[in-house]
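Enquirer: So the protein lines, in turn, are chains A and B.
Per the working numbering, the very first residue in the first sequence carries number 4; after that it's consecutive.
Per the working numbering, the very first residue in the second sequence carries number -5; after that it's consecutive.
Just so you know, the hints here were simulated from the structure itself, not pulled from any lab data.
Where is the CB? At the ideal position from N, CA and C, for every residue including glycine.
A couple of the hints might just be wrong.
To be verified - Derived, one-sided and incomplete: chain A residues facing chain B with beta-carbon distance under 10 Å:
1) T54
2) R60
3) L124
As the list claims (entries may be wrong) - Distance condition first, Cα-Cα at most 27 Å in a straight line; then the derived BS3-like pairs of lysine-lysine:
4) K54(B) / K272(A)
5) K62(B) / K56(A)
6) K60(B) / K56(A)
7) K54(B) / K378(A)
These are the residues of each chain, in order.
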Amino acid sequence: MRREVVVTGIGAVTPLGVGARTLHERWCAGSSGIESGEGAASEFEPTDHLTVKEVRRADRFTQFAMVAGDEAVAEAGWDGELPYDPSRIDVVIGTGIGGIGTLERGKEILMEQGERKVPPLSIPLMMSNAAPAALSMRYKLLGNSFGTVSACSAGAHAIGEAARKIQYGDADAVMTGGSEASLTPLARAAFSALDALSPTGISRPFDARRDGFVMGEGAAILILEDAEKAAERGARVLAKVRGFGATSDAYHLTAPDKEGAGAAAALRKALEDAGATPEDVVYVNAHGTSTPLNDRAETKAIKAVLGEDTEVPVSSTKSAIGHLLGAAGAVEAVATILALRDRIAPPTLGYEEPEEGMDLDYVPGQARQLRVNGKAAIGLSNSFGFGGHNVVLCLEAT
Amino acid sequence: MAATVTPEAVEKTIVDALPQFGVEESDITRDATFEDLDVDSLDLAELSQIIEDEYGVQLKGDDVGKIKTVGDAIDLVVSRAG
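Work the whole structure out from these sequences, hints included.
Expert: This is the structure we're talking about:
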């Protein structure tokens, strides 16, 4: 019998503000965190939360993870004393590009002032494992700690792999999630050169007029625990991580498989892993990037698995905050958990014009009540990354 | 060109630099140890860079290992420059 995994704490820093509930409440109220074509975490002021030394020792992506981590730890009731042997608490955090801002500044100094002026902190700040390293040190977690790197599915990958560690018995708890801070000149220019970014600066997933994604930044951290141990210590359980499905397209470096076959396979695997059926699903938090290719392929994948005429509400968090890349999967898992808990389907903001063949219920206009009809509140959260990495998490709110 | 190296000048450079690393300026005295000031090897690597920039004195691995107090750092820089 495999061990059950529950979520006991969540935290987030997003373009909608600092805090997981801030994200949920503002998104459900129809607020957008996108300004001037970007989802910057503009309410995040590092020194409000961290000491001068902590700020100096961490790239922005790590700062996000630390602040989201503090929120999650406090909610789980872990501040003060860890509930388990620290050597049995792991840390798994995803990122798409890591400390690219630090890399760019270091390169500028190298070119303009010479190699002897390159900051010695360049490597420890930019390395993609900086966030899990910082969290392990911050909370004195002594188990297995590492980063997952799979572009825009990194955050979801981290959560899925973290759940496996508990299920397998390697860890009693895992601090997991994803973080990204890549609103930088190089990342902007490079995504733009790929024609991936929206030239109009509008994120309107699934709408016929969508023309690319809008970059965002932020992080989300979740505390996962062995369900039995969490119950023993009387922890408040927010949700269960029921299933994890991950596949590869083996198709193209950046484009999704047009038919969404890899995505559909991940959806099936997640349901199978959860011991659930398509009929059990009450909500889908889509990857929904607002790129022409993704949203079409994802719609096909969802229909292939949930049924051609499925009425399950499908919405995209990216309509409100843009695409948080390696943090997206984690932020969206948090958004999914809160949506399921509150029995509310948050809206796909900006969705107005349907495209032929794309006829799911994308929750246009405004949030609405999520009908569970006495069933468990089971939802899916999709994440697909450059490289053809597909990850689906099956979550159940209690 | 590098600034004139006097103990007073080096002390001022260090007192100006350390608060960037999160050190309280009032805690900085010649006898204060870097350990007590919570200045670790990464901070010292940055401080070495500032000192090299200002005085042209390079502090490398072994040197940094020998420095325990703010006074040690000042003395080492002054002796190297002389």
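Enquirer: For the pair we were handed, K54(B) and K378(A), check the Cα-Cα distance against 27 Å.
Expert: Violated, at about 66 Å.
Enquirer: Against chain B, run the beta carbon of T54(A) and see if the smallest gap drops under 10 Å.
Expert: 6 Å, holds
Enquirer: Are K54(B) and K272(A) close enough, with their CA atoms no more than 27 Å apart?
Expert: 54 Å, violated
Enquirer: When you check the alpha-carbon spacing of K62(B) and K56(A), does it fall within 27 Å?
Expert: 20 Å, holds
Enquirer: Should the hint that L124(A) touches chain B count as held when the rule is a Cβ pair under 10 Å?
Expert: The hint holds - L124(A) has a Cβ within 10 Å of chain B, the shortest such distance being about 6 Å.
Enquirer: R60(A) was flagged as interface toward chain B. Is the shortest Cβ-Cβ separation under 10 Å?
Expert: 7 Å, holds
Enquirer: Can you confirm whether the C-alpha distance between K60(B) and K56(A) stays at or below 27 Å?
Expert: Measuring from Cα to Cα gives roughly 23 Å; hence the hint holds.
In summary, the structure is inconsistent with hints 4 and 7 from the numbered list given earlier, while agreeing with the others.
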